[in-house]
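*Asks:* Listed below are the residues making up each chain.
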Amino acid sequence: MIVKNRRVTFLIGGEAGDGIFASGNILSKTFMHGGLHVFSTNEYISIIRGGHQWYSITVSESPVFSNRYKIDFLIALNREVPIIHIDRLEKKTSFIIIDERDKSERIVDFNIISLPMYDILKKRNAKKVMRNSIALGALVGLVKYDISILERVYMNTYSEDIAEKNISLAKMGYNYVLEKYPHYLKKIFFSSNISRSQRIFCTGNEAIAIGAIASGLKFYAAYPMTPASSILHFLALLQKDLNIVVIQPESELAAINMIIGAAFAGVRSMTATSGGGFSLMTEALGFAAMAEIPVVIVVVQRPGPSTGMPTYTSQGDLRFVLHASQGEFPRIVLAPGDPYEAFEIAYYSFNLAWKYQLPVIILSDKFLAESGWSCDKFIPPFPIEEGKIIRDVYNGREKYKRYKITEDGVSPFAIPGVQNAIVKANSNEHDEEGSPTYDPALVNSMVDKRFKKQELLKREMLRYKTIKYYGDEYPEKIIVSWGSLKGPILEAINILGKNKKIGFLQVIWMEPFPRDLVKNILSKVGENDIMIIENNRTGLLNSLLNEYLHLDVKKKFLKYDGRPPYPYEIIKFLEG
Amino acid sequence: MGSIYLTNKKNVWCPGCGNFAILNALIKALERLNLKPESVVLVSGIGCHGRINQYVNVNSIHVIHGRVLPVATGIKISNNRLTVIGHAGDGDAYAIGLGHLPHAARRNVDLTYIIHNNMIFGLTTGQVTPTTPKGMRTRSTPYGNIENPLNPLLLALVSGATFVARGFAGDIKHLIYLFEEGIKHKGFAFIDVLQPCVTFYNTYSYFRERVYRLEETDYDYTSFKKAIAKATEWGERIPIGIFYKIRRETFEEQLFQLKDKPLVQQEIRINLEKVYKILS
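Residue numbers (my numbering), protein chains in the order written: chain W, 1 to 576; chain X, 1 to 280.
If you are wondering where the hints come from, they were derived from the structure by calculation, not from laboratory data.
A few of these clues could be false.
Stated by the list, open to error - To give a feel for the contact side, a few chain X residues facing chain W, derived at Cβ under 7 Å:
| id | residue |
| --- | --- |
| 1 | GLN54 |
| 2 | VAL63 |
| 3 | LEU123 |
| 4 | THR125 |
| 5 | GLN127 |
| 6 | LEU263 |
| 7 | SER280 |
Note that CB positions come from ideal geometry on N, CA and C, so glycine has one too.
Isolated chain W (complex conformation) (with noise of 0.2 Å):
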């Protein structure tokens, strides 16, 4: 018995340093491999031991897109994380699985789970850290899950001797709990029929950096940054595997230059960063325009200005990165909202910079970037596209002119090394040849030229979702919205549930904006029943609307404290 829309809430908390993080990969895993549908999510302040961070996991025979504020069953890791969560946790019916000595009277109202998880460790002599495996065990107990997953998680995770260490820990936690506490033992998940072989744990910037990988990513160079730096390590990683290179220059000044340097010599480049490194990117995304070299720019918002809060969430550079660097170009900024779109975009992006040879934005944030989602394997939605390169000879009857004028506006792009072409790239406005120019009408034909692009980029934003709208098809109310926070509110419709007509469109594309489409879903309402929700102060998709659509939404729920909202945030905002 499936119960529709039930969600499942775990959350693990300790402090920085107590494996929280692996733990909750681990538990994940096990509730994906057990045919179940998972949405994790984290929060950490920004230093190495210490501090109070937590992992949640979402769970459901459902699809579930965003984590929930209520706490089914807590791991605690020490005595004060209880109390850090007590208004999460619900008296009587929520959990909480806690060692011995860190039981305190301000939790007896809830289910209490307590376990000598120092005396077991002492006895087994394990690492602290390892204790996380005897509360996993003592929670997939709890819940009558099946420990042969969690056992087989932990094999394909660990090296052998590491794995079977917490293999025997994790079944004595398992044990102790069917042993000590059978009253509170209750199965609370029925699995669904999903394929599990075809099945994988991915977060939003393991997504990006696997639709890379796939259309062709040859050269990865950046600056670890959060929350973009997990896409460099997932590559670093796969590199061996990939034959892909990876670097870790001095700066984001240097990493982008450097992916200048190798998309103009031919080879598929990308870098991530977050808003700072972003910013000391600015100048050479304006070279890459004016030099007409693709490239794709990974942006992973965290909160500003400045060094803001490096571990927490925003969606405050969207303004930032449409009009990022000096003069006017043609540039293209995509915002996913889910690990499939940010696959598929980061896939297509790569057709899109080379084709259109301009800089491609991929603008994300921390929500989307760390948090989980079980999915299904990614495949290419379509082929890998070059335009018009030219990677062997030249076979022009005239000299090779690196910025010749055509009729749609791309040249002809030969990289160096071509038989018969000369190479010339350069950062000022320049002639055909690559030569500087300070001759009006030949710069004036340079701007158009460049700006051509963006009339084939009308044709081409066709071919993709530029927007998504889900919910009624004669919603009485709508939500716009982007970036991550479309889960949140695919939650809060869900709960809300069909007899409240509430339409949600996802503005994907921002730049070219696709004014028509939005135009069009917008119609269906008034202007008073249109609603926005950002992660920002000043509502950056709003001033969009307002631009392209002189919309301006009165209703806005805007956050702005670092974290995503959460459903029942949304649902108090559309019902007050």
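Using the hints provided, position chain X relative to the given structure of chain W.
*Replies:* Here is chain X on its own, set in the frame of chain W:
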């Protein structure tokens, strides 16, 4: 001159500019090395020197201020069969783009990095640079420069450059030799060229009176210690020549990805199953 390495672009440098010597020496070096124009990429920065890419008939990219090295590095990693030569001014190399120098040097990417060091900002009409002598009056230091100049050779040496040289635009024959050796060198070749700016800082006679060729002494360029000592010699006598040269594995040689062929020539073979294994 009729070299295959020369374009027919009209040269706009000031008559007598030190850049001419650098250009001519480069053309001669390319001729001697007999490199195919299609196989060479010239990366130039911002300043008077930046025009050099217009005059040399090889592939080129004129980059933004200070970023010659990362762009050149990206090109070399993409296609390590190309000969990549970077040209930068002292503003490019030692002011705004200095941060890249130690890293390119320690990385030992197989590049040649030629600095047109005229000790002044020429194209922006005569401001101070990191190599402008102390006390000098420029448009931005009308009461005299109070900052100590940088020692670029010493910096290149301690950063791990495997080829460190200094040339003088008044000695073109010697410059051809340095460029030829620098381009032939496997690894990061750093060549600082003392380049008089006839308009804002004419140093021809100053340097002519002082420079001497290391190659005409019994100097041994394989000793790091001697190179450090030699790099600090600056005054009545100023050494030019190869200060230091050793062979160390290059960055590209250590990239297993490039073992079979250059990155750009590798077919795109995508096997996502290996990726998915990590995530399952």
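*Asks:* Decide, hint by hint, whether the structure agrees.
*Replies:* Hints versus structure:
| no. | hint | in the structure |
| --- | --- | --- |
| 1 | GLN54 | 5 Å, holds |
| 2 | VAL63 | 6 Å, holds |
| 3 | LEU123 | 12 Å, violated |
| 4 | THR125 | 18 Å, violated |
| 5 | GLN127 | 20 Å, violated |
| 6 | LEU263 | 5 Å, holds |
| 7 | SER280 | 5 Å, holds |
In summary, the numbered hints that this structure violates are 3, 4, 5.
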